[in-house]
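Student: Protein chains in written order, with our numbering: chain A, 1 to 429; chain B, 1001 to 1230.
By construction, these hints were calculated from the structure, which means they are not laboratory data. In this text, all values refer to a predicted model and were calculated from it rather than measured experimentally. For each residue, glycine too, the CB sits at the ideal point set by N, CA and C. Keep in mind that a hint or two might mislead.
Unchecked claim - Derived list of chain A stretches under chain B, where covered just means 3 residues or more per stretch with a C-beta under 8 Å from a C-beta of chain B: (1) 325-336; (2) 419-428.
To be verified - Counterexamples of contact, computed for chain A against chain B with all Cβ distances above 12 Å: (3) 12; (4) 23; (5) 47; (6) 135; (7) 175; (8) 181; (9) 278; (10) 288; (11) 322.
As the list claims (entries may be wrong) - Here are the simulated DSS-like cross-link-like pairs (lysine-lysine), alpha carbons at most 25 Å apart as the crow flies: (12) 15/A / 1117/B; (13) 116/A / 192/A; (14) 1121/B / 15/A; (15) 328/A / 1117/B; (16) 1177/B / 419/A; (17) 1177/B / 1188/B; (18) 421/A / 1121/B; (19) 1129/B / 1116/B; (20) 18/A / 116/A; (21) 1116/B / 328/A; (22) 1129/B / 1117/B; (23) 107/A / 188/A; (24) 1018/B / 419/A; (25) 421/A / 1064/B.
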Amino acid sequence: MDVVDIFSYAWGGIKLRKLRAALTTLGIVIGIAAIVALLSLGEGFRIVITSQFERGFALDVLTVTAGRGLLANIITGSGSEEYLALNDTYTMNEIAGVRQATATLSKSIGISQGNKTYMVTAVGINFTEYSTIYSTSFQLEDGSMSLNPANDSIILGYRLHDPWKNGTILFNVGDYINLTWTTGSITKPIVKRYTFHVVGVLKEIGGISIFGPSDIQAYIPITTAQKIFETDQVSQIQVQLVSSEQETIDSVTNSIKNIYGDKVTVISPSAMLNTFSSILSTVQLLLAGLAGISLLVAGIGIMNIMIVSVIERTREIGILKSLGMKNKTVMTIFLCEAALIGLVGAAIGIVFGLGLSNFVTNFVFPLISTGTSQPNGQGNRVISNIVPVLTPTVCVGAFFFGIATSVLFALYPAWRASKLKPVEALRYE
Amino acid sequence: MAPVVQTINLHKTYMLGKVPVNALRGVDLEIESGDFVAIVGPSGSGKSTLLNLIGALDRPTEGKVIIDGVDVSTLNDDELAELRRRIGFVFQFFNLIPRLTASENVELPLAIAGVKKRQRKEKTSELLKAVGLSERAGHNPTELSGGEQQRVAIARALANEPRFLLLDEPTGNIDSKTADMLILLLRKLNEERGVTIIMITHDLNIAKQAKRIVRILDGRIIEETSNIAT
Ligand SMILES: Nc1ncnc2c1ncn2[C@@H]1O[C@H](COP(=O)(O)OP(=O)(O)OP(=O)(O)O)[C@@H](O)[C@H]1O
Ligand SMILES: [Mg+2]
Chain A
1 MDVVDIFSYA WGGIKLRKLR AALTTLGIVI GIAAIVALLS LGEGFRIVIT SQFERGFALD
61 VLTVTAGRGL LANIITGSGS EEYLALNDTY TMNEIAGVRQ ATATLSKSIG ISQGNKTYMV
121 TAVGINFTEY STIYSTSFQL EDGSMSLNPA NDSIILGYRL HDPWKNGTIL FNVGDYINLT
181 WTTGSITKPI VKRYTFHVVG VLKEIGGISI FGPSDIQAYI PITTAQKIFE TDQVSQIQVQ
241 LVSSEQETID SVTNSIKNIY GDKVTVISPS AMLNTFSSIL STVQLLLAGL AGISLLVAGI
301 GIMNIMIVSV IERTREIGIL KSLGMKNKTV MTIFLCEAAL IGLVGAAIGI VFGLGLSNFV
361 TNFVFPLIST GTSQPNGQGN RVISNIVPVL TPTVCVGAFF FGIATSVLFA LYPAWRASKL
421 KPVEALRYE
Chain B
1001 MAPVVQTINL HKTYMLGKVP VNALRGVDLE IESGDFVAIV GPSGSGKSTL LNLIGALDRP
1061 TEGKVIIDGV DVSTLNDDEL AELRRRIGFV FQFFNLIPRL TASENVELPL AIAGVKKRQR
1121 KEKTSELLKA VGLSERAGHN PTELSGGEQQ RVAIARALAN EPRFLLLDEP TGNIDSKTAD
1181 MLILLLRKLN EERGVTIIMI THDLNIAKQA KRIVRILDGR IIEETSNIAT
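Work out the full structure: start from the sequences and follow the hints.
Tutor: In structure tokens form, the structure reads like this:
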């Protein structure tokens, strides 16, 4: 029996039980749709996140922190014994390949207006050095920046000035604002306060910032920061390189490591991006795996239906065998039925999956992001920018995965059909 | 001339739970090409069992079935399937495939044997014409009378030009008038086309139309008679 005949015979078998076939197909549709939706949303998410990071990133700036890195500090449960100080920038400036090093000191603070308090990060910087290193993003929209700023100068990120982008101004140049923060222990917190004078507002940067300037930070002179936060440490040292080539990144990283040993961690933006990208991929795979469970259920459904179908068609199988059909042809017919169901299910599932992900980005995500419009709501911008992306690999992969699942779960019923004894099958009522 | 079918000391024992049922207890039978044999005997005497063994649908417990000089017991499942393509089966309950039309049912064994589509169509319409059902080609079995269904089954059985036709009570489910016409058709096929026919029947009048009658009782052949005057 040739392939065309086998397929048309299998198709006849499906047509015989339309509703049953439709319901079985629905299982595959749901499974594949879930996988496609999650993967295309995940891919869209990854693209948005990566591009947002790239906007905030300066690829030629290394970030040096004390200790073995943030994660290690969390695991060991202690802050690092080691710390970096202002004069470490001098050491780093000496290293070949370094154009300019500058120190920053960050602290979570509250800015109050009326009865509302916004939690933001205050970053102590050297205005001159910082603005040269991040010359593309640290640009003033309004106000002016003195090379020798007064101690109470503060420069605001754009979203602290115009958080909703509709002209409802939160703080403006010339305003005096109160920064509050707590010291002391958790049980006995002491609230401290300092008044700053807004001297500038940054242009909108966009994106999410881990290192480097951001729309939701406030910048104060580092000397003031060290004084009011009562420390001689700095949080990070940003090291701008003469180029963003990997060679330079590696050589400067090595030089810093040679000088400081394990006392510091050097993070390069490109390495961060790679790590981040691979974490996202893993998460995506995990999601796809979860969606795969629904496909597993669909597969079991197919197996169940096929077993019933084989039992119902025992006599037919007996007839086919009495007419000289070989066991493997009987098996192929049942596998073809499953493959056809898988094929139709996968094709519809891909379309549905795309539809579903578009529905989510167009109708569900806007609901989430309008609900929580806050000046510090970075996530909202990410969510509202997601466009589902279906890569050809995912598309083709999902298609064949759908077919493969149905065929795989049909193997056992099809095998049972092929092994029926002709006489017994013919006697079956 | 070597017989088309030969059985040697054929035994078949079914196990009903732990109780053995001896359906056949040593059957020796030879059927020549062009023969028309009627197998008669009371219910449960082992007629169907014998026919299934001759048709390579089942394997004997003991003894041999030799078809065209080949010992069937030496064949594997695939070879048996290929052998069955050269044997035409007709069953009491027609056993047509309900979702296929009359002509598709007739075409099926040709498709299974790998005959090309165009040849299949030709052969199918020729066969339906031979059994007088050209007009009913596009009908499903449910739309046909018992006699018509049985004629479709005969056309299907003849599709691959079988070495012999095996019919298990072909008239068991149709009225006597239709049955007479069916036997007429079989005789015509036997006389004009030289088709070898082996047929089980309860009806002695029908058996008399055959060239030879084999009588079976309790799994053994007890009598063989030749009808000279037909
Ligand atoms: N698959 C089976 N399992 C157990 N016993 C069987 C099986 N097939 C047939 N038998 C038994 O073998 C014996 C012969 O059966 P068979 O069907 O060959 O008789 P038959 O002559 O065709 O009868 P009928 O005229 O009623 O069709 C019977 O006793 C029957 O019960
Ligand atoms: Mg019988």
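Student: Hint by hint, which ones does the structure fall short of?
Tutor: 3, 11, 16, 18 and 20
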